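Residues per chain are reported as follows:
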Amino acid sequence: NAGVTQTPKFRILKIGQSMTLQCAQDMNHNYMYWYRQDPGMGLKLIYYSVGAGITDKGEVPNGYNVSRSTTEDFPLRLELAAPSQTSVYFCATKQGAGNTIYFGEGSWLTVV
Amino acid sequence: GQQLNQSPQSMFIQEGEDVSMNCTSSSIFNTWLWYKQDPGEGPVLLIALYKAGELTSNGRLTAQFGITRKDSFLNISASIPSDVGIYFCAGLANNAGNMLTFGGGTRLMVKP
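As you go down the protein sequences, you meet chains A and B in turn.
The first sequence: position 54 = 1332 (my numbering), numbered continuously.
The second sequence: position 7 = 36 (my numbering), numbered continuously.
Incorrect hints may have been included.
List time: in silico DSS-like cross-link candidates among lysine-lysine, alpha-carbon distance up to 25 Å [unchecked claim]:
(1) B:K80 with B:K140
(2) A:K1287 with B:K65
(3) B:K140 with A:K1335
(4) B:K65 with B:K80
(5) B:K80 with B:K99
(6) A:K1322 with A:K1292
(7) A:K1322 with B:K99
(8) A:K1287 with A:K1335
(9) A:K1322 with B:K65
(10) A:K1335 with A:K1322
(11) B:K65 with B:K99
(12) A:K1287 with A:K1322
Think of the hints as simulated: they come from the structure by calculation, not from any bench.
Note that the structure is a prediction, hence the values are computed from the model and not measured.
One chain only, chain A, in its complex shape (with noise of 0.2 Å):
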């Protein structure tokens, strides 16, 4: 997971409140994503981007908002969290050209 930082790990929040996950790589990678990982299931691919300016809904947008204002930042915000967006939330990052995929370690988020 070198090279891919998420923070924080772990976060409670209460129903409505907004908080921002932070994503950051040092890899100089085109390509970011934020997927989410609910127990015992697949990864959702939440949000993308191809590079700095760029961004775009994946299979599970609704409730998220991201930005790429920096090749190295993708910050995924939640507005008003819900029970639903309880999970764990995985970063990951590739080069344009390649098709190796780094994850950030996670990061565990509560809604009660």
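Given chain A, work out where chain B should sit, using these hints.
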């Protein structure tokens, strides 16, 4: 959206046995990836497959990219206790953003 069906969902085997799991899709992928996820960690890439029919090994692991480009399998030979974890297949399509789609995972348990 694209769907990956991974099976089996879970396996409980004896140490030393061989293991096989597979993924199928209704869509064509240009790259198939197999990941392993340990508890509390992000997925770690095991094997990447880049062309139809390709058979690739990584130690006791062997994976194949199906000829139709809609399926892939992963075999683990002579399983050991540290093989325990969740294995995910993932497909990468060369559309905008190179979106990675994950299967639901196979939970492997190995009895010493």
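Going down the list of hints, with the structure as the test:
no., hint, result
1, B:K80 with B:K140, "35 Å, violated"
2, A:K1287 with B:K65, "20 Å, holds"
3, B:K140 with A:K1335, "42 Å, violated"
4, B:K65 with B:K80, "21 Å, holds"
5, B:K80 with B:K99, "11 Å, holds"
6, A:K1322 with A:K1292, "23 Å, holds"
7, A:K1322 with B:K99, "19 Å, holds"
8, A:K1287 with A:K1335, "24 Å, holds"
9, A:K1322 with B:K65, "16 Å, holds"
10, A:K1335 with A:K1322, "12 Å, holds"
11, B:K65 with B:K99, "21 Å, holds"
12, A:K1287 with A:K1322, "19 Å, holds"
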